[in-house]
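Q: Chain X is already provided as a structure; the job is to place chain W on it using the hints.
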Amino acid sequence: MAAVQETVDHVRRIDVEQYKYGFETKIESEKAPKGLSEDIVRYISAKKEEPEWMLEWRLEAYRRWLNMREPNWARVDYPPIDYQDLYYYSAPKKRPTLNSLDEVDPEILKTYEKLGIPLQEQEVLAGVVGADGRPKVAVDAVFDSVSIATTYKEELAKAGVIFMPISEALREYPDLVRKYLGSVVPSTDNFFATLNSAVFSDGSFVYVPEGVRCPMELSTYFRINEEKTGQFERTLIIADKGAYVSYLEGCTAPKRDENQLHAAVVELVALDDAEIKYSTVQNWYPGDADGKGGIYNFVTKRGDCRGANAKIAWTQVETGSAITWKYPSCILRGDNSSGEFYSIAISSGRQQVDSGTKMIHLGKNTTSRIISKGISAGRSENTYRGLVSAHQKATGARNFTNCDSLLIGEECGAHTVPYIEARNASTQFEHEATTSKISEEMLFYCMQRGLSSEEAVALVVNGFVSDVLQQLPMEFAVEAQKLISISLEGSVG
Amino acid sequence: MTPLLQIKNLQAEIAGKKILHGVNLDIGKGEVHAIMGPNGSGKSTLSYVLAGKPDYDVTGGEVLLDGANILDMAADERAAAGLFLAFQYPLEIPGVTTMTFLRAALNAQRKKRGEPELSSPEILRRVRTEAEKLGIDPEMLRRPVNVGFSGGEKKRAETLQMSLLEPRVCVLDETDSGLDIDALKVVADGVNRLRSPDRSMIVITHYQRLLDYIVPDVVHVFSKGHIVRTGGKELALELEANGYAEYVEEAA
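Sequence lines, in order, name chains X and W. For the first sequence, the residue numbers in this note's numbering are 1 to 493. For the second sequence, the residue numbers in this note's numbering are 1 to 252.
Bound-form chain X, shown alone:
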């Protein structure tokens, strides 16, 4: 049929030209020697002026990592990574002192400007709404291995919220960091998390004190710029009793022919009655049409509902990366705590996605909800892998899972791999899954009303993901919607 052929042709045409963030910033940088060794771990720790215990923690992780094997159970396929052929630390060359944004390398500022990320604080008084009526967002910008700037620090400090690069937090609040670091994702957790524990260079640290509702959205933008450089960021967010925080992470990288490694760890801790909302818009460079280049995104994200009635919600819009290996999870330890996972994973070209979540019910009457929407186009493979488990003592645990997959074209794949383990009889787990193809009939209907084929697909896809988009903070939902259209541009007829 003609339309199907057209779809296939369009899918073939997907290439890197769609990637709007593929530029490179020319700046001088300071790098650690290539390769990984105890010396490199010491180098990074020294660069960060870390306390002794931190260095020991890193070294222990490094030694353990040497005896670990890279996991191979995910439905992704890539040539072996040479861990000695990477740089583990790269920082823009420092100017003498960095007291304000004016002193940041203008090239870097331009980079963030191009990316549309606001590093200039609007001159407005305390309050949630900025001068232009849009909600204010505090930004921590991480460029390769270091944090470049963190905005709205003072205003947040007034509310008692700590938001700073984790390297800085290690110096200013060592006890707080020490208490929580590795308490959700231990340094022994898995190959990539252990590697991260040894060499992580920066990331964000957030602490919201008891009873405080964070007055604005917090966000971090990660940018990998240097060649052959791994980015290993570590994010730690703690919401103390009754606190609330909403956090957004965004990521981009230049187009490069070789693959770049990104192995991050994110830990969330929600104490009694606290709530953390963590949203990700992941748009790492996905590689070209033949699968050359792109980011390997091997990320461990986990939240711990450590107190009663705690709540953690993960929302992710995944459009980038050559390979995604990522399972943002919730440990539902506190009684009545709840975990949510809303995901939109779009793959096109030769992208491979193996992503999902784990909901581990330990406390009584814990609830979780998983809504996953996978969209595959081109020759991509898109797998949802999820675990829902209830411990013997997790009486009254409830889960609802809905996994929908949408296929565009003939050469892509969608897979759903749910693991469900209930160890007590009072558990109620529900699982729904559908796989559908974008129907030619539906596209024709939209086109008969005047929409072009691309507009029609964008509309249908946006409808397909609408219940997840609703979970994103308002203005990011708009961004995400645009991103979805861009990443599917030309993928359909």
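Treat the hints with care, since some could be wrong.
[Stated by the list, open to error] If you want a taste of the chain W side facing chain X, the calculated C-beta under 7 Å gives, among others:
| hint | residue |
| --- | --- |
| 1 | ALA51 |
| 2 | MET73 |
| 3 | ALA75 |
| 4 | PRO94 |
| 5 | VAL186 |
Worth flagging that the hints you see were computed from the coordinates, not collected in a lab. Computed from a prediction, not measured in an experiment: that's the story for all the values here. The beta-carbon is built from N, C-alpha and C at its ideal position, and this holds for glycine as well.
A: Relative to chain X, chain W alone:
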């Protein structure tokens, strides 16, 4: 005066099977033509081919809208040129509200015609006005397109789309199917309101019933992929009384 729509010796097939065997039809501005015929005669195929459904291959002939051949245009370009097809079975689009769909469609057409896009409040105002005339509950505009709509609601929604998009040629494909008499009257009233000296309509139906409410200027009998007889509105009554048997045999 040149007819608004001219169909000349139109031939089309699907998956190698020939369905339209040379359709000839001229429709002047403001005219309403009914096309009646037995099931499987190719009536719906005609509507799909006019609208540019990609499954069909046109193997001969021309379709001119205001003198321009529309067969080279994609479905969305034909829509922007003013061709509207009211579907027999309107499609469901989960997660997309009717309002969003209407806004997207109207502005997409305007953009293609080089007209300025309309603001959301302006579109909302227009949609509400039209919806009210059709007795459509505003709540329906917030529901996803056609999802969970009753047969009557779907046809009303099609009529709403048609009123909003203001096409020059409307093709109504079995609009009466699945409607009870009350719903049929509402939809027919909606269609009659759209009759104007500048707009032409093709009403495709199996039954005469619809034509009691949408009274045509010309009636064509369609059989085996082409028009076998043309007459005035009284031809519909004759068909109602005698059935299609003679045409099926004649064409065979």
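Q: The structure should be examined with respect to each hint, and the outcome stated for every one.
A: Each hint, compared with the structure:
1. ALA51: This hint holds: ALA51 of chain W lies near chain X, its Cβ roughly 5 Å from the closest one there, short of 7 Å.
2. MET73: Since chain X brings no Cβ nearer than about 11 Å to MET73 of chain W, farther than 7 Å, the hint is violated.
3. ALA75: holds, 4 Å
4. PRO94: With a minimum Cβ separation of about 6 Å from chain X (threshold 7 Å), the hint on PRO94 of chain W holds.
5. VAL186: With a minimum Cβ separation of about 21 Å from chain X (threshold 7 Å), the hint on VAL186 of chain W is violated.
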